[in-house]
Amino acid sequence: MAKVDYEDRLKALGYSLPEPPKPVASYVPSVKVGKLLFVSGVLPIVGDRLLYAGKLGKEVTLEQGYEAAKVAALNALSVVKASLGGLGRVRRVVRLVGYVASSDGFRDQARVINGASDLLLQVFGENGKHSRVTVGVTELPMGAPVEIEMIVQTK
Amino acid sequence: MAKVDYEDRLKALGYSLPEPPKPVASYVPSVKVGKLLFVSGVLPIVGDRLLYAGKLGKEVTLEQGYEAAKVAALNALSVVKASLGGLGRVRRVVRLVGYVASSDGFRDQARVINGASDLLLQVFGENGKHSRVTVGVTELPMGAPVEIEMIVQTK
Amino acid sequence: MAKVDYEDRLKALGYSLPEPPKPVASYVPSVKVGKLLFVSGVLPIVGDRLLYAGKLGKEVTLEQGYEAAKVAALNALSVVKASLGGLGRVRRVVRLVGYVASSDGFRDQARVINGASDLLLQVFGENGKHSRVTVGVTELPMGAPVEIEMIVQTK
Numbered sequence: 001m002a003k004v005d006y007e008d009r010l011k012a013l014g015y016s017l018p019e020p021p022k023p024v025a026s027y028v029p030s031v032k033v034g035k036l037l038f039v040s041g042v043l044p045i046v047g048d049r050l051l052y053a054g055k056l057g058k059e060v061t062l063e064q065g066y067e068a069a070k071v072a073a074l075n076a077l078s079v080v081k082a083s084l085g086g087l088g089r090v091r092r093v094v095r096l097v098g099y100v101a102s103s104d105g106f107r108d109q110a111r112v113i114n115g116a117s118d119l120l121l122q123v124f125g126e127n128g129k130h131s132r133v134t135v136g137v138t139e140l141p142m143g144a145p146v147e148i149e150m151i152v153q154t155k
Numbered sequence: 001m002a003k004v005d006y007e008d009r010l011k012a013l014g015y016s017l018p019e020p021p022k023p024v025a026s027y028v029p030s031v032k033v034g035k036l037l038f039v040s041g042v043l044p045i046v047g048d049r050l051l052y053a054g055k056l057g058k059e060v061t062l063e064q065g066y067e068a069a070k071v072a073a074l075n076a077l078s079v080v081k082a083s084l085g086g087l088g089r090v091r092r093v094v095r096l097v098g099y100v101a102s103s104d105g106f107r108d109q110a111r112v113i114n115g116a117s118d119l120l121l122q123v124f125g126e127n128g129k130h131s132r133v134t135v136g137v138t139e140l141p142m143g144a145p146v147e148i149e150m151i152v153q154t155k
Numbered sequence: 001m002a003k004v005d006y007e008d009r010l011k012a013l014g015y016s017l018p019e020p021p022k023p024v025a026s027y028v029p030s031v032k033v034g035k036l037l038f039v040s041g042v043l044p045i046v047g048d049r050l051l052y053a054g055k056l057g058k059e060v061t062l063e064q065g066y067e068a069a070k071v072a073a074l075n076a077l078s079v080v081k082a083s084l085g086g087l088g089r090v091r092r093v094v095r096l097v098g099y100v101a102s103s104d105g106f107r108d109q110a111r112v113i114n115g116a117s118d119l120l121l122q123v124f125g126e127n128g129k130h131s132r133v134t135v136g137v138t139e140l141p142m143g144a145p146v147e148i149e150m151i152v153q154t155k
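Protein chains in written order, with the working numbering: chain A, 1 to 155; chain B, 1 to 155; chain C, 1 to 155.
Treat the hints loosely; a few may be bogus.
Which copy is meant is left open, because identical chains are indistinguishable; a pair holds if it fits in one copy or across any two.
[Stated by the list, open to error] Here are the simulated DSS-like cross-link-like pairs (lysine-lysine), alpha carbons at most 30 Å apart as the crow flies:
1) 155 - 58
2) 11 - 81
3) 22 - 35
4) 11 - 58
5) 35 - 58
6) 155 - 11
7) 11 - 35
8) 22 - 129
9) 81 - 58
10) 32 - 58
11) 81 - 155
12) 11 - 129
Source of the hints: derived by calculation from the structure; they are not laboratory data.
Bound-form chain A, shown alone (with noise of 0.2 Å):
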């Protein structure tokens, strides 16, 4: 079996990751104990703003959810790949909490989360799938419509 590079799939996707998250004073983009990676919560910014701002069901779209969603995965990624020194010390995805900043009424949470979910798998194939838990909340940090939660699995 060949081994497959990551960083050349998110390529070949099209896809480039953005620069990781700056350490902030009171928390750390991940902590790695033993085998596994907790990354921080990510929102979906591009560069220092928001992608998109608002909630499901009022703001924004599902389409623009679903993006949303993909764009936070890739700053975790980003994350994984900075902690971890290369995407390829990758073993498994094996926790994604999807939030949804939600409307009343809005219940469409899983397609939403779905943008993050079909990256992972685009990118690490089999090793990309993942345990998965999505909510619906009220507010997220700056207003953005998805957070996502993360913890990998390392070599």
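Given the coordinates of chain A, work out where chains B and C should sit on it, guided by the hints.
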């Protein structure tokens, strides 16, 4: 000390495990890493529909919410059984996160999620004593009143 | 390098750890599996009542929310101490999830949860640098403004 058969105990309590949720495209029902089994978020689905829909404090009563949490926990156990090959492989329930779809002013999330916690205690005894997080959220996928997230330690 | 006594440092900072929350019927304050200690969700309770009640952006100010997050973190540390037999058994704070009861339009969850994060840094220094997830939710048990979930790596 006599070995307890957890599946017998479930039966003696009058419960039967449903078919585990089908793997969906973008994620899987559970991921095992080392001795930890991460179970995907489960809803109170019976057959292919929700036992109850709506929010606590509005469409769903406390008693119905308690029942829904129990049914979601049974669904989680069906995933655990399918993933490990039997509930006998469970060493300890580590973590339960209970999300409760809550209307404004509903603050009894703890009693709702007791429906899941009480079941885990009944089935696993001491090994069912788990750490727990309970929160009230705006909306859950499909309009579910509760969602359960679980981490289990295996033998 | 002189060994730092985390409990001395807490005292020097002017804090004293409360009695850990009593184990309740359906779940326990924490579960340890391998080197990971999973702490149950903790509220900003002092004695037997909430320090503040209500939502950020409404009944509870940013400053009060920050204070509430700090108090919840102290309660979490009291659980850690009771579970491990002393804070000296902490190797690293791995994960902090901060749930903030948020009224519509409140988007400053990060600054609220800094009340918990800043305390962890003050007490544990480098070992207190944690990964973090911060979300805004509708309601929390008892009407609490914040809830803290923690995972700690032990020695």
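Hint-by-hint comparison with the structure:
no., hint, in the structure
1, 155 - 58, "neither (42 Å within a copy, 47 Å between copies)"
2, 11 - 81, "within (14 Å within a copy, 39 Å between copies)"
3, 22 - 35, "both (23 Å within a copy, 28 Å between copies)"
4, 11 - 58, "neither (33 Å within a copy, 46 Å between copies)"
5, 35 - 58, "neither (40 Å within a copy, 42 Å between copies)"
6, 155 - 11, "within (22 Å within a copy, 40 Å between copies)"
7, 11 - 35, "within (26 Å within a copy, 34 Å between copies)"
8, 22 - 129, "both (28 Å within a copy, 14 Å between copies)"
9, 81 - 58, "neither (34 Å within a copy, 40 Å between copies)"
10, 32 - 58, "neither (37 Å within a copy, 37 Å between copies)"
11, 81 - 155, "both (13 Å within a copy, 27 Å between copies)"
12, 11 - 129, "within (20 Å within a copy, 32 Å between copies)"
In this structure, the hints that do not hold are numbers 1, 4, 5, 9 and 10, in rising order.
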